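**Q** Order-wise, the sequence lines are chains A and B. Here the first sequence is numbered in the working numbering, starting from 1 and rising by one per residue. Here the second sequence is numbered in the working numbering, starting from 1001 and rising by one per residue.
No lab work stands behind these hints: they were computed from the structure. None of the values given here were measured: they were computed from a predicted structure. There may be inaccurate statements among the hints.
Unchecked claim - Covered stretches of chain B, going by a simulated chain A footprint (3 or more residues, C-beta under 8 Å): (1) 1212-1226; (2) 1278-1287.
To be verified - Chain B stretches covered by chain A per the calculated footprint, using a threshold of three residues with CB under 8 Å from any CB of chain A: (3) 1111-1125; (4) 1128-1142; (5) 1237-1249.
Cβ coordinates follow ideal geometry from the N, Cα and C atoms, glycine included.
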Amino acid sequence: MRVSTDWLSDYISLEGVSAEELAGRITSAGIEIDVIEKRNQGISKVVVGYVKSKEKHPDADKLNVCVVDAGQEEDLQIVCGAKNVDAGQKVPVALVGAKLPGGLDIKKAKLRGVLSQGMICSAKELGMNDKLLPKELQEGILVLPADTEIGKPIVDVLGLNDEVMELDLTPNRSDCLSMLGAAYEVSAILGRELSLPEPEKDIVEVHERAADHIAVTIGAKEQCTHYAARYISGVTIAPSPLWMQNRLMAAGIRPINNIVDITNYVMLEYGQPLHAFDADRLENGAVHVRMAEDGEKMVTLDGQERTLAPHMLVIASGGKPVALAGVMGGLDSEVTDNTVNIFLESAKFDGGTVRKTSRQLGLRSEASSRFEKEVDPAAVIPALNRAASLMAKYAGGKVHQGIAEAGSAASEPKVITLSLEKLNRYLGTDLSLLEVKTIFSRLHFASGDAAQGLVDVQVPTRRGDITLDVDLIEEVARLYGYDNIPTTPIEGPTTPGSLTKAQAIRRSLRKLLTHGGFQEVLGYSFIHPKQAERFTALEQEGKAVKLAMPMSEDRSVLRTSLLPQLLDIAAYNLNRKQPDLALFEIGNLFHTHEEVLTKQPQERPVLGLLLSGRTGAKQWNVQPAKVDFFDLKGAIETVLDYLGIAADQISYEANQPAGFHPGRSASVFVQHGGNKQLLGVLGQIHPKLQQELDLEDTYAAEILLAPLYELTNDRVAYRDLPRFPGMERDLAIVVNEEVEAGSLIQVIRENAGELLQQVQVFDVFTGSKLGEGKKSVAISLMYRHQDRTLTDEEVAQVTEKAVTALQQTFGAELRK
Amino acid sequence: MKEKLEALKQEALAQLQDVSDPQRLNDLRVKYLGKKGALTEILRGMGQLSAEERPVIGQVANDVRGAIEEVIASKQEAFLQQETEERLRAEKVDVTLPGRKLAQGAIHPLSKVIQDIEDIFIGMGYRVAEGPEVETDYFNFEALNLPKNHPARDMQDSFYLTEDLLMRTQTSPVQARTMLAMEGEVPVKIICPGRVFRRDDDDATHSFQFHQIEGLVIGENIRMSDLKGTLLQFVQEMFGENTQIRLRPSFFPFTEPSAEVDVSCVKCGGSGCRVCKHTGWLEILGCGMVHPKVLEMGGYDPEKYSGFAFGMGVERIAMLKYGVDDIRHFFNNDTAFLKQFTRI
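For reference, chain A alone in the conformation it holds in the complex (with noise of 0.2 Å):
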């Protein structure tokens, strides 16, 4: 809402208040004013001129040689190459010495020979808003009304001696989106009395009735509680004084006519939307308020043909909708050049109901604005009469006997009891009953007499926000100052404050993560739908959701899986030429399993790891190796056995989960309560998505973290050291190249007994001595005995067994 302050200055005295300072008070109060927009941006010495004649400049086609009654001791010579300039005209002149916004100096000047002491203005010199003129005026220079006094300065004029601050309304606020509801604002914040429009007295009525000449009837009663109507005849349509133009133009509403003007003038001031019909385009000038029917067409004011339905507001005359309700007049009524008698509307309708039409049709208007947020009920009349007798001052017409009315509006005061004893408990103030009372008298609310601390306040139906004792405590604290509450600490018993175990976890897994040199990302939840059936090993029922209305493909589908946008991540980075990678994120995948969603998807939470590039940074005495299959596993590795996961729980298999290297992958089961669970997926991304995405070989992996939240075990359980000496065997067996180094330790572990405590490959290598298809294992045997130092004959007996079953189950042969 803009509000000038010379219009705010008619019903209260701002002297001594500064706008920069008004607007200050008025935002510690509650409501925001970032903008106070000066309408003079530096204008002096422009006054009124009278073009007294017009003609062709001798040297310059487009140029013309004014002579021009400015007021001055002697008429004035201009030279101006504006179209629509002519004898006649009263125009904005700028003298010399006269400053325009902008830094415009005007000086004496010859153009093209011919001498010209000034400069006949434009709008747009003047530094006004000229989208808010009519389009010939936007184009050349600003001719003003006939009757515009010669040599008077045209700020005054055209009311530039203004300051119009702009209020940043939160949705509870609409009583200011008027003038009046402002005013009380002011008035309340200052402390200074109010001098209202009194419309019922200056309203006046010739003998004819209202009632011989238009109707009004409600079929909708619930959208439409109040619908009152004048009818005012004999009106002469012609531009508005140039006043109520300047006042419209400081609001940002363009000036029309003075019927459509007076009923925008008076919207801004009171908040009550009005609209006028042209009575004569009415049936017998009589109207139906109902909702619309199904298919129902009309065309409104913007030419725009609307089909209507059932939930949408009418206002219909002879069986056709004449206006949508609230948010548009119909083409067909509109009032026009021809129009002689005038239908007046003032209603309170739904704001529900306005605002799901106006949306539906995408149609939103001051008056729609206004509705939506439910307007004052007892504003309808009194704004009714103010339009009526202004349309008699200002269009000459007859104001007809009457209101011509249907419902009626609810607006007694509602009354709220408030208890003085709540009131400082809520805020922690210590405020006697009279600093409150006259909180509430500043804010127009009249407050009895305490009994027993409760105070009973009467809010005045403008204020449709405060229903609650709370709402009352919110005025009191807003005007008695955020600031002046006192700061204490909360009393009462303490606390201990904490995280989940489950958040422990996260943070635990950050810290280990990026202390192992990884790197935290940050995706979006929302991704491409073919991102989402790429990797589906995680989730193989479970389906995608997708948004009802995304804003792009590329973000359309909640994601299934975090490994797309890291795969992302790593190609925007690829590109800025950092393509060395260790990247983690912790986030939430979304899965489904309806057909059609009607509960929230299944959230789960998971850990993403993503490698590429060679591990470690470029160092001058470090051969940097790339990243492979036993990087990333072993990151995995390092978080469970972190977690206190035993590693024979674990289990890699390699069982080529959809989106990866179908021979560098593996999904990771966790052995749990005697069930096999799957835990994730890790391996190479499959080198045909890689080659699609521009990826350097890369290596990612996703956890499930749920499981890991059950199964971690933060217990440190110390056991005994050693006291007896080991003994280490190596052993190096060739095998077939398709057996898993996991299965050869499973057996050595079967066989050897209780007294092997490690088994670890050392050194894995093919090659043509050993024979096509073979390969050899290096792996190290460490034996122990809790109790003796073990001897050279039992260790020898155990590393046997084992190697025989090697032999048995894979056919392995020692190599000597």
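Following the hints, put chain B in place on chain A, whose structure we already have.
**A** Chain B in isolation, oriented as in the chain A frame:
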């Protein structure tokens, strides 16, 4: 014989004096003291001496050996010293060459800010609560006193999945869920960090996905002055002990009274600069006393209990704290940006 020994001694010492390399020293040691050396050679003649002479000559021979050995030892010592010095000289490194660093990543700056804020509130006795990113219309709006058609829904254009399900537009639904889970128990003291979503076009200050942290306290005697006290303590721990706050009345459907909170500018301290647009203040959070309807829907009697709630944007705070000028950096994940946060 005695003369022979003396002569040997003189000769040996004279030769030793000029020795300049360890090899020559060793040669001389062998020559004079070795098993087949000159001294042994002379002493072979001991057998011909009388019993009286033997101990005397023996003594002289020992003195000669001792004298030669002493010189050899000192020469050896000198050579060892020299050798060590040479080796140390040869082993000299260029200390200005860079060291091999430990591999070190960083947590994301938004995680860092969230953890910092969590830690401050944990220290003040708060639990950290979480909720789903996909919310029901009820918890995201209705339970927070924004019934369907409420004008405040204008302020947030949302990502709906169905008519009833949407990406949460705020972390406040976690408050509603926590209240129901607590079943009327007090005190409630939680903060809820998390991702939220709004249909905004991305630019330097807007992102359709961002993070919020909400706080909620409910008890028997919670006052607006407690809210001020809590926030003041928080901002002083977060931004420094001289930070001040300023509350301005505002509107949120789930609180009454409501306020926007400014902190004194983290850059200039309040004297006015580019960051605070020369106002000295930065808007960082919204707060208020929990609306009675919200308490009621959460199972708390508003006549008996009161509470306060506050909420802040994590990106906003991270931008202020680290001087980041474009919110898109947080989700581009350029490692050149992220690595800047590899610090305590």
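**Q** Hint by hint, say whether it matches the structure.
**A** Right, here's what the structure says about each hint:
1. For a cut-off of 8 Å, the count of residues in the segment 1212-1226 of chain B with a CB near a CB of chain A stands at 9, and the three-residue condition holds.
2. Using a Cβ-Cβ cut-off of 8 Å, 0 residues of the segment 1278-1287 of chain B lie near chain A, which falls short of the minimum of three, so the contact claim is violated.
3. Evaluation of the coverage hint for the segment 1111-1125 of chain B: fulfilled, as 8 residues show C-beta separations to chain A shorter than 8 Å, against a requirement of three.
4. Remark: the segment 1128-1142 of chain B is confirmed as covered by chain A, as 7 of its residues place a Cβ nearer than 8 Å to a Cβ of that chain, reaching the required three.
5. Check on the segment 1237-1249 of chain B: 4 of its residues sit with their Cβ under 8 Å from a Cβ of chain A, so the three-residue criterion for coverage holds.
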